[in-house]
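Residue numbers (this note's numbering), protein chains in the order written: chain A, 1 to 117; chain B, 118 to 230.
Hints are computed from structural coordinates only; laboratory data are not their basis. Keep in mind that the hints are not guaranteed to be accurate.
Distance ranges between label pairs, derived from CB positions [claimed, not checked]:
{"id": "1", "chain 1": "B", "residue 1": "Asp155", "chain 2": "A", "residue 2": "Thr52", "range": "31 to 37 Å"}
{"id": "2", "chain 1": "B", "residue 1": "Ala169", "chain 2": "A", "residue 2": "Pro117", "range": "48 to 54 Å"}
{"id": "3", "chain 1": "B", "residue 1": "Phe127", "chain 2": "A", "residue 2": "Ser84", "range": "21 to 27 Å"}
{"id": "4", "chain 1": "A", "residue 1": "Lys77", "chain 2": "B", "residue 2": "Ala119", "range": "28 to 34 Å"}
Quick caveat, the model's predicted, so the values are computed rather than measured. Glycine included, C-beta positions come from ideal geometry on N, C-alpha and C.
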Amino acid sequence: AQSVAQPEDQVNVAEGNPLTVKCTYSVSGNPYLFWYVQYPNRGLQFLLKYITGDNLVKGSYGFEAEFNKSQTSFHLKKPSALVSDSALYFCAVRDSVYGGATNKLIFGTGTLLAVQP
Amino acid sequence: NAGVTQTPKFQVLKTGQSMTLQCAQDMNHEYMSWYRQDPGMGLRLIHYSVGAGITDQGEVPNGYNVSRSTTEDFPLRLLSAAPSQTSVYFCASSSTEGRHGYTFGSGTRLTVV
Numbered sequence: 001a002q003s004v005a006q007p008e009d010q011v012n013v014a015e016g017n018p019l020t021v022k023c024t025y026s027v028s029g030n031p032y033l034f035w036y037v038q039y040p041n042r043g044l045q046f047l048l049k050y051i052t053g054d055n056l057v058k059g060s061y062g063f064e065a066e067f068n069k070s071q072t073s074f075h076l077k078k079p080s081a082l083v084s085d086s087a088l089y090f091c092a093v094r095d096s097v098y099g100g101a102t103n104k105l106i107f108g109t110g111t112l113l114a115v116q117p
Numbered sequence: 118n119a120g121v122t123q124t125p126k127f128q129v130l131k132t133g134q135s136m137t138l139q140c141a142q143d144m145n146h147e148y149m150s151w152y153r154q155d156p157g158m159g160l161r162l163i164h165y166s167v168g169a170g171i172t173d174q175g176e177v178p179n180g181y182n183v184s185r186s187t188t189e190d191f192p193l194r195l196l197s198a199a200p201s202q203t204s205v206y207f208c209a210s211s212s213t214e215g216r217h218g219y220t221f222g223s224g225t226r227l228t229v230v
């Protein structure tokens with residue numbers, strides 16, 4: 001069965017330091033992978049995606065993610081964290097069992113990023 | 118600039134009451150879905166629809182009904198509210214092909230007492 005794992009409930013980082021939020025996945029076939037961010041009392045906002053092509057994907061707000069097929073990972077990164085990056089981050093993978101017909105997304109449990117000033 | 122609109126934003130229900138959470142999108146997306154978000158459990162899929170007249174169950178469908186009479190609207194009905202349905206509910210839509218991810222509504226915070 002398709003699944004997504006975010007092994008860290010919370011990541012703490014000092015402002016200005018690089019950050020990494022981890023995500024691993026398990027799907028059959030080629031994955032569509034996504035990162036979303038959720039600020040307090042808000043809906044989820046799209047950050048970036050990997051469909052095909054370059055393994056390093058750049059997204060909104062200076063975030064990027066690296067697709068690693070051999071390690072089945074899609075870690076979210078940012079070279080220099082900001083206090084305003086503090087939020088809940090979700091990794092998601094499209095359910096390949098149903099392919100494009102249903103477009104179901106499977107979400108990880110989320111990682112709370114806390115950036116200290 | 119509406120995207121996905123959810124109403125109401127907040128609701129308190131008594132156990133056994135019924136209600137409908139509204140969701141509307143103006144992007145002509147074929148695919149729509151409902152998720153619930155609970156602490157430590159991420160987002161779990163309740164029901165989804167691939168187009169008008171077509172719906173299917175997700176991971177946690179019990180206690181919820183949906184219908185899709187138009188492309189724009191995808192209401193979620195709670196038949197007889199239970200405290201276990203206290204959660205934040207999100208509606209999302211996307212194109213069928215799915216290459217651009219989902220657009221989410223701002224959520225409905227439901228408390229069942």
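(request) Take the C-beta atom of A:Lys77 and the C-beta atom of B:Ala119, compute their distance, and say whether it sits inside 28 to 34 Å. (result) 33 Å, holds
(request) Take the C-beta atom of B:Phe127 and the C-beta atom of A:Ser84, compute their distance, and say whether it sits inside 21 to 27 Å. (result) 26 Å, holds
(request) Hint says 31 to 37 Å; check whether the CB-CB distance for B:Asp155 and A:Thr52 agrees. (result) 33 Å, holds
(message) Please check whether B:Ala169 and A:Pro117 have a Cβ separation lying inside 48 to 54 Å.
(response) 49 Å, holds
The structure is consistent with each of the numbered hints, conforming to all of them.
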